[in-house]
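Chemist: Numbering-wise (my numbering), the sequence shown opens with residue 1 and increments by one.
If you're looking for bench data, these hints aren't it; they were derived computationally from the structure.
Note that beta-carbon positions come from the ideal geometry of N, C-alpha and C, so glycine has one too.
Each hint should be verified, as a subset may be incorrect.
[Claimed, not checked] Below 25 angstroms or equal to it, Euclidean Cα-Cα: the simulated DMTMM-like pairs (lysine to aspartate or glutamate) are:
#1 K40 - E51
#2 K41 - E56
#3 K41 - E51
#4 K2 - E51
#5 K28 - E10
[Said to hold, decoys possible] Distance windows between CB atoms, simulated:
#6 A48 - I24: 24 to 30 angstroms
#7 E51 - K6: 15 to 21 angstroms
#8 L33 - N13: 14 to 20 angstroms
#9 A52 - I24: 15 to 21 angstroms
#10 T25 - K2: 26 to 32 angstroms
#11 P15 - A48: 26 to 32 angstroms
#12 D14 - T44: 17 to 23 angstroms
#13 D14 - N57: 16 to 22 angstroms
#14 Q36 - Q9: 17 to 23 angstroms
#15 A47 - L17: 17 to 23 angstroms
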Amino acid sequence: MKGLQKFYQEVSNDPALIHRLEAITDKKAFIKLVTQLGAKKGYTFTAAEVEASIQENTASGQGDYFCLPVGCWSNPKVAV
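Whenever a hint applies, use it, and build me the whole structure from the sequences.
Modeler: Here it is as structure tokens:
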């Protein structure tokens, strides 16, 4: 999980990277993008580690949001 923590540090210091992540509201797409961006920048972590980090950082009952140490994102409501 060390690579993931270092990636979060880089994200928190890069407004363009934060903006790119903010554009993603679907949790699965978000996890995929975080994993891809991390690998592109030389960090080693898995989608499962990103998912675990989201679970750790998102309060129970958070509703349509999911969180990481660098911020929270909203899942759009799906029309039924």
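Chemist: Please flag the earlier hints that this structure goes against, numbers listed from lowest up.
Modeler: 6
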